Each structure stands twice: as C-alpha cells, then as structure tokens.
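Asker: Chains as they are written, first to last, in the working numbering: chain R, 44 to 209; chain S, 245 to 469; chain V, 10 to 225.
Since the hints were made in silico from the structure, they are not lab data.
Every value quoted in this text rests on a predicted model; they were computed, and no experiment measured them.
Yeah, the Cβ is synthetic: ideal placement off N, Cα and C, and Gly gets one too.
It is possible that part of the hints are untrue.
What the hints assert, rightly or not - Simulated coverage check for chain S against chain V, where a stretch passes if three residues somewhere in it have a Cβ under 8 angstroms from a Cβ of chain V:
1) 298–309
2) 313–319
3) 354–363
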Amino acid sequence: MLAGDTEQYAELVHRYRDRYARFATRMLGSVDEAEDAVQDAFIRAFEQLRQCRDPDNFAGWFFLILRNRCLAERRRVARAGPGTDAVVVLATEQADGPLVQEERRRALQQALLELTPEQREVFVLKHVEDLSYEEIAGRLGASIPSLKMRMHRAYDRLRERLKDVL
Amino acid sequence: MRTALVVLLLAAPSLALGVTATAQQPVAGRLAGRVPAGVVAAVSALGDSAAARGLPVDPLVDKAIEGGAKAAPPERIVAAVQAVFARLGRAQVALQAATPGVPAADAVEAGAFALSAGLEDANVQELARICVAPCSAAEALRVAGTLTALGVPAPEAVELVRQTLRSGGKERDLLALPGRVEAELAGGATPAQAAAGLARAAAARAAAHGQSGAPPHGPPTSRRP
Amino acid sequence: MTTVLHPLVKRFLDGELRLADLPPELHAEARAAERLLGAVDRAPVTLPAALEARVMAEVRQRVIAPSARRWWHRLAEPWEIRLRLRPWILGPALAAAAVLVLILARSQPPVPPVAVAAAPESVYVRFVLYAPGAHRVSVAGTFNQWDATTAPLAPAGAAGVWATTVALPVGQHQYAFLVDGRRWVNDPAAPMVDDGFGRRNSVVAVTAGAAGARAL
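Chain R extracted, bound-state conformation (with noise of 0.2 angstroms):
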C-alpha cells in the first residue's frame, strides 16, 4: 500500500514538474535555483499533504509552497548581501546575430531580482505568468489594490533601473 501510494506521489511529481518551473525561475534568477526550489516544494508538499484541504486544488496548494519557497530563498539572499545573487544564464552570446534582445531580457531578469520579492512576484506573475489582477488576488489571497501598488512600484524601479539600457 505504501509503494502504490509513493508512485501515484510519482505521477503527480511528473505532471507538475514544469508547470511553475518558468515562475520560479523568474522568481530567483537562474535555472538551477528553480530546480532546488521545486525539488524542495515537492518534497514539503509531500510532508504536509494531510494539510492540502482541497485535493480539487492541489496545484494551487503547490504553487503556494513552492511560492513561500521562493520568497525564503530571496530574503536568504538578501540578508546575506552584495555578490550572492544568482546571474541569470539563460544561454550564452551567439556568434552571430544581434545581441540586443537577449542582452535587455538579462538586464531585465537582474533588475527583477533587485526589486522586493513581492514586487517581483506580482511582475512575474502577470507579465509573464499572462495572469490577471483577479487571478494573481484569488492565488495569493491578496487584495487587487495592494497587487497595483506593488506592481506600479515596480514599474517605477525597473524604469529608472533601466532607463538607459532599455
């Protein structure tokens, strides 16, 4: 009984995989700390599974853990100062052909990290996440205006923070 339970655990690890995989890499700036992330949230999601009260709403119960994950991990970072964020690599330069998108999407990516997580939260969330104010309030348990304000801080830092790059 106990195996059958660990591998039906197994299918759900498979579906989900990827499913925040682009919000966490977002979240933290790099690949590879999106994979622990979601590595970890699986493995607490697992601990706490008698604690998921709405088995309908598994993903979104996840992608709360996964999500708190997320914001530890930034506030780790910044406590421990300059120099230990994660650079981004999405890939190298090309040999050939123009370098301006990937070099504003790296710049973009670096002045997300240096916003308030729960400034880069909302970012992601709807700009590349595509989610609406509704959705990102019915997800986070937070109220649309407090969602704006966020948002249009952000704006604001990314804006002077890129003022000449962009």
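Starting from the known structure of chain R, fit chains S and V onto it as the hints suggest.
Answerer: This is chains S and V only, laid out in the frame that chain R set:
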C-alpha cells in the same frame, strides 16, 4: 486614430504566391546558412532520431529555421527544437494509445501543436479516440489546440469538440468552433464560459436528435490552481 | 531623482488602457516604458527529469500517514491551468467575403483573418498591420519558411496601415510580423502559442470549403 475595417472580396484563381514548398531535402541542406553550424548538427541528429521513430522531421527543421530568423541564441534554438521533438513523441504515444496502427504524420503534428497550445497527453489521446471517420483526428486536434490557444481550458476544449461530434457535427462545424468561441468572447464571456455554453448547446442538439441518450449534466468543472 | 511613471502609463502597462487612450503627450513615455515588457522572458522552462528521481528518493524515506491516503484518487485527476489571453472584438460573421485583419501594433484588433478560396491548394489571406512610425513591415511564418523578405507589406490607404495578400496552402500556419527588421509583432486578434524563443506566434488555419475559404 484607428482605421476602420474594410470588407473586401478577393477572387484570384492563381496558385500560391510566395510560398516555399517544403522539399524533402536533407536537414543540413535546408538549414545551411540559416542557423549556426552547431545548430545544424544538433538538429540533424534530432532529425535522424525522429525519422527512426517514425516522427515527422519537417516540424523540427521549421522550428530551427524560425529560430534562425528570429536571431535566437543557438542554445535556445536547439532547446526549442528538442521541445518540438518531445511533443511529437508524446503525441505519437498518445495517438497510438487511442487507436491501433501507425498514426498519420499530420495527426502527430497536430497533436504536437495541441500540446504546445496547452492540452495534455490525455487530451490528445481522448480526442483521437472520440474522432472516428469521417472525422479527422488531425483536424480535431488542431481545432482543440486553437481553442486552448484562445484561452479555453483544455477540458472544456475537449468537451466542446466531443459534443460537437456527438451532435452530428461535420468537419466544417469543427472548423467553425474557434470563430464561434470568439463571437462569445466578444459578448463578454470568458473562454471557459463560451466553450461550455456551446458544448451545452451541442449536447442539447444531440439529445433532441436522440444521438447520445441523456444530455450531460453541464460541462466539466473548470479547475484552477 | 527617481523617474516616476505617469499613473496612466502604469495603467497602460497593466493592459487597462490602450495607447490611443492616453493623451498624446504621454505616448512617448508609454512606448519607452513598454520596452520593459518587450524584454520579458516568457520562454517555458524545462527542469531536468532527474529532479523527479531525487524527489521520489526523498519521498520513499517518509511514512505516509493513513489520513493522507484518501486524497490520492482525487489528486490523480488531471488539472489544467487556464491560459489568459487578452480579449478581442469580432467583426461581422464570415460569409463568402474576405475580411481585412486589422492588427494593431499595441492591442485590440477586432477581426480574425479570413480570405477567399483561390485554387483548391491555396487560399489568399490578406494581412493588415497598423504600425504608425514603421519604415518597413513584413509577415513571416511557416508558410514562407520564416523568410521575412518574401512577404513585405506595403503602405495601404490610411496612414500607418500596412497590408499584403499572401496565398497560403490549405492547412494551419504560425506567423508574426517583423517591423523595421528587428521587432516581432503578434496578431493579438489571432490565437497564439509559445514560439519557444520567449515570444508567441499567431496561428491561422485556412481551409477551402464549399462556401469558400475560411481562416480560423
């Protein structure tokens, strides 16, 4: 200021212009000069693997060409082609699970498109299963994928296709589904609502014609994270 | 001193306002700010499959409490995440007429592309892009091997409007517009899928039926 839409009627019986037919050239030949050499080698190898598995190769080459045209970094091009390869493989497995025999190349491509749009392997399998001749699995998968690309959740997209077929819908009815969903969206419905409403209407038609027995008890519940 | 964006520009970035809704004096600020969103990396991320093995190795070390077992059969059902796309407005119902696709450089195009059947093997599709300020525009996609030189758009009628007619083979195609040789623009009126490169492709399917061609 926006320019208003103008409705034009065009009639031109000539053949396609500006369309490059996909020739059965070696992969390397088609990619030479369009992507970096390393990408050519990687995609050629993937093409060999695809051919060995009975998967269509053209989608891999097309994606690599697209990446070159968009000036994507080599690693990203290779990753994108690998993703296409993976989806083709998943689609093939799903189609084989639905019906015996070797799935047609266009069905595999359509299945890969449906997966890229957001459907799951189980959805691809289900669509192939419910689509019996004269229904084309490739068409059903393209339509379902297009519906999902419009924002319709995968379960509702599959259900809409299912109910349309059960109500006696022909290929043209399937092809009309995205447009009908868009019409509902224009009226303020969400994609899920639009699809569910059309599915209920199709189910009612099926019930009225006695084609499916009792109508379903509403559309499947949307599940949101 | 930190540059603070105008509140209307922020609402524009949120997608609540269109560029045309902003006062003209804010257009430049809005376009500059919008470059932020153009730099967003939306490419899907695939984690190594080995992650699953590592998770399960940890999981097998743990004991499942009896109260958790009843959740398994419900958790095993498939779940979907709804994709949210911006709404668009439809034009008139398709008849046997071809309808111009007005594709705005920013947002809110009304009509999906349609064309009229030509030969059974191909269908003419007219693509229209509203891109004021552009110096050259072309459309590229799977129908022309993403070669932007084969289907340039020409200025057509009203200022800022570019158009061309392309014969597409019957079938499904992915495409995008290339503005000034460097900026890829989608057709927000059409269904879109991830292109694998951090952007999206627009999708059009053309078929020749008894009543003429149609595009999805």
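Asker: Hint by hint, where does the structure go against what was stated? Just the numbers, ascending.
Answerer: Violated hints: none at all, because every hint is consistent with the structure.
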